[in-house]
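S.K.: Sequence:
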Amino acid sequence: MIQKPIVPFLSPLQTLPSLQVSLISNGPEDLEMSENGSIVPENLFPGLQSDNLPTSPRLASRGNVIQPNSPKVPTVPIEHISQIPGNLITSGNVISAITKYLSEWSNKTDKISTDTELFKEIEQRTMTDKERAHYKRVLHEMTETERIHLKGLEILEEVYLTPLTKSTVPETVNFVKPIVSQINLLLGAHQKFLSMMEKGENVPEGELPIIGADFVKNIQFLKMAATYISKYSTYLMGITDILNKEKDVVRNQNKAKAEYLRVHEGSKVEMISFYLITPIQRIPRYELLIRDMLKDVGKDFPDVEQLKKAYLQAKECGRGVNQTRMQIEEGEKMTLVKNAIDNFPQLENVSSRKFICCGPLIALDNMNDPPVKTVFVFLFNDLLIVTKVKKFNDNDINETDAYDANLFKEISEIKTIEDISKAHFEFSRIVFFQKGSKMMPLSDNSIVKNVFMFMAYEEMKNSSEKKGMYVLLKFSAITPEQKESWKSVINDQISCIKEREEKLKKAQEKIQNTTEVIKVDKIPSKLFDRSCSKYLPQSVGKLVTSSGTINSVLKLLHDTFNNSQSLQKEVLDLFEIVDKKEMDKDEVKRFRAIFVDLCNNETSHLWVLKTLKEVYLPALSKSVNKEQNVYVTDALTQINVMTDIHKDLLVLFTKAKRKTEDKKIPLVMEDILKKIQFMKTELTYIGNCHIYTKLFEEVSKNPIVEKAIQKAKETFLDNIKYKTPIESMNECLMKPVHQLMSYELFMKALLKHSWNNYEELNELKRVYLDARQCHKDALKTKTQLEEKEKTQTILDLFETPLNLDNEQNDSEEHEIRFKCSGPLFIVENLNETPKNWKYFFLFNDRLVMSEVVSYNNLPIIDLVDVFGKLRVAKSVDDLKMFKFQIVKEFTFNADVTLEVHPVDKMCKFIILLKVLQVPYRLSCSTESEFDVWNSIIFDQIEKIKNGDVNEEPETLAMCFACLAKGSQKNPHSPIRIDSSPRRVTEVLSPRRARSEDPHEKFDLLMEKPKFVKRLPTQATGQERVFFNKRVGRPSSQSYQVDNEELKED
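Note that the numbering used here gives residue 305 to position 158 of the sequence shown, counting from 1, and the numbers run on in steps of one.
It should be emphasised that the hints constitute simulated quantities derived from the structure, not laboratory data.
Note that the structure is a prediction, hence the values are computed from the model and not measured.
Do not rely on the hints blindly, as some may be mistaken.
[Unchecked claim] Below, computed lysine-lysine pairings styled on DSS-like, alpha-carbon distance capped at 27 Å:
#1 K485 x K462
#2 K929 x K378
#3 K1016 x K1030
#4 K736 x K806
#5 K681 x K1021
#6 K277 x K267
#7 K520 x K455
#8 K810 x K935
#9 K455 x K267
#10 K621 x K634
#11 K283 x K480
Can you build the whole structure from these sequences, using the hints too?
M.R.: Encoded structure:
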């Protein structure tokens, strides 16, 4: 006889009654209970009795073991089902929050219609007075919330970020400056939006505001928030850490807050975290507001098509923001969960794994016994982990399996996933969801309530091979609502896995039955990996930085990898050389001369900016329409900012120049270091430069504009004493781009000719690193814009557009980007030389096979001639005369692999691409092209499979860390000093102004300047990139420098 107390399980949250109930039983037929409960046999449905199921002694105490082909069972009712399996829960959380979300989701009576239904409704109605009034109210709400958002950004910058930039800790300043820069960009973008909305509201009585076209034009500016959003978590944690450590900064912020409230009476300033999150929250808001406007408009609304387009673009932009935000959040949640579980299992690093939910449950071994095991379950999209609670609220939990009602109540009150940090768990068990997994029916009884059961796969322990079996797991939830939530979310993950398997199976069947499959003999091959790639980038996906035809990309990669030297090694070598070099008269002479070149170069740059301000842009602003004048105004604003920055730099360089004339060593690096930081603001101009150049070049062809520019030139020249040629508008517009890139060369030259006891050596190193970073950022911005233009050019070559609406593209955060193109032969038989060729385009997410259909708008007659033309094409512009028809798209995903094809005597240089294990063999003309194609395709596939990658490891932070090493003497480091007698400054400044009288040079900056024609000297092609063909000359009224500023200390 066994005596057991029986406690009816009503609800874990209820206080258990004190019952004196005994059970004396020799078997299920002898069970007796009190009136509070009764026992139900376990054979809940035929065919699944636990006694009849195959069992394992090891797992007998942990759940029923079954096979996926067990007898068919009744369907389990599921309360919450998503239309797209796997999308029921988009943001993981604790089960209580998930239950609340699902309840609200199910209770929505007004289901959101699809875009197609929404647009169809618009075509079927005309606007009523009520809808017109509501349309105006929605626009007014958008305008008012935009003002509030702008005010929040201003408070963030003025009250919180500006005091941070004044910190005495250099690391803090360096951390905050990028945030300030990004907030300034967002301020500019949202100011444009506010102007657009205010303009829309300002319409005559009885008319409706029209904002669709303006919204479409300005929506692109919101993409600038991507960088801020991707680093939001880093910024939040970093600023929080700074405020905890630096009390002076907190005091300065409090002063700034008091001053702001004094100036803006009636305003309210929230915590900094409130404002840091607003850029992320604002962008999805546009989609909702425009959708509300679309619900009011009808077919009679004149702006309906533009408003639809604005809605779709806002939706796309908001989706990108949400995806970025969710990726950040999911990464943080995964880290939080892993840190909370002791002995977290070693799992394969699956990038697609997501945390779904977690919460307390009662693990059930037998439905006839009262619940005794309290567990905490973590559900992921492909597996489930069972744990025991070891610590909660700093209190250790006793080692016992007994049901603890108080503990169960406490852990059930966890409201958010962040509260998981209050507890600590011990890993107990893991099961996996596979295509054989399913929800199983199980009913409550008088002992156990809110039960559910499912089948999952469990691997066997202590086995060298990966073997396992399907097992049944039974749990009891806290409430009926949470029970339904658990069933729904588990069923959602199982359904997603099954649907994915079905799609894969259908795709394989389709490919096997299609006639386009290339039939070739089976030849063993191996997977293409990094060891097989001739060209490997430092960061995955970054192999090709300048796209083009195979000829141009081949030359680029060959030059890059033959002449490359990493930033870290180059900087370290340069610093080591300087730290070992003693002072030398010739070096000092060259060192001083570089400051003269800097001064002259800065003067030329300011002359160009003055020309833009006083000649070209004013003339354009008076001759263009309102829409074009917006760009003129933007350019003028940015040029004014650049002028102020470079005026300050000119003062410093002139001061240094005066000291060189007195045979002294200039000591201005500390001041230059402060000023050079502001040059990063010029990246905005660089980003828009191509727009200005194209627009202004097109507008200037108008005879009216030409006359206005010519008149402005004459007026400008009449007001200066010395008549000098004026640069063309394109050269003037490009000068700021080249100027920003030139500072790295000047600072590098100063470093080469400096010495180890130079007083400002460390400051010079920092200026060089900042200048180098500015150069890198400018090149990156310029290259990105060029790549976008190339991609659009290539897309325009196709007669039918690419399939951009597939699942792969929907999951990608970044837009499609062109990489490379060229002709390849189709290998149909390995025993024959391939003759059939196609023209291939490689993008960042797919390889496109195409046929040439026309050349110069004429049908193709001679394919051999066309092949010859395409074979020698050296740039994207050479392809503009052709039109292509897409034959096939190979979209890169987990089912696409690149393999190494065995060497074949008949067919050489074969690229072997497998899609769902179906091989496609492509042959290149040369081995060098073969290496390039394989390397680039592998780089794109690896990036897709690895997900998002970090930025390049060579950063300013690494370089600043080198400063400490640079000050140490290393006898083993080779010293490389240029022993050439030619002045380095002549190379760096090929058009440096030369004057017989040294004082005559300084007169360029005074009231009565004397001008000397600049003569070109020798310079390499690479060095000429950073300088215009002619250097501008300053006017007599240009930039006067106060002599008091140049007096020696």
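S.K.: For the pair supplied as a hint, K283 and K480, confirm whether the alpha-carbon distance does not exceed 27 Å.
M.R.: Status violated; Cα separation ~41 Å.
S.K.: Between K736 and K806, is the straight-line Cα distance small enough, at 27 Å or below?
M.R.: Holds. K736 to K806 sits at ~12 Å (cutoff 27 Å).
S.K.: So if I understand the rule, the pair passes when the alpha-carbon distance is 27 Å or less; does K929 with K378 pass?
M.R.: Cα-Cα ~22 Å, so holds.
S.K.: Keeping to a limit of 27 Å between CA atoms, is the pair of K485 and K462 held or broken?
M.R.: Distance ~34 Å between K485 and K462 Cα, so the pair is violated.
S.K.: What's the verdict on K1016 and K1030, does the C-alpha distance respect the 27 Å limit or exceed it?
M.R.: Holds, at roughly 13 Å.
S.K.: Quick one, are K277 and K267 close enough, alpha carbons at most 27 Å?
M.R.: With Cα atoms ~20 Å apart, K277 and K267 stay inside 27 Å; holds.
S.K.: Starting from K621, check that the Cα of K634 is at most 27 Å away, please.
M.R.: holds (11 Å)
S.K.: Run the distance test for K520 versus K455: straight-line Cα separation, threshold 27 Å.
M.R.: Distance of about 56 Å is beyond 27 Å: violated.
S.K.: Regarding the pair K455 and K267, is the alpha-carbon distance no greater than 27 Å?
M.R.: holds (12 Å)
S.K.: When you check the alpha-carbon spacing of K681 and K1021, does it fall within 27 Å?
M.R.: OK: K681 and K1021 at ~22 Å, within 27 Å.
S.K.: Does K935 sit within 27 Å of K810, going by the straight-line distance between their CA atoms?
M.R.: violated (50 Å)
Figure legend: structure checked against the earlier numbered hints; hints not met, in rising order: 1, 7, 8, 11.
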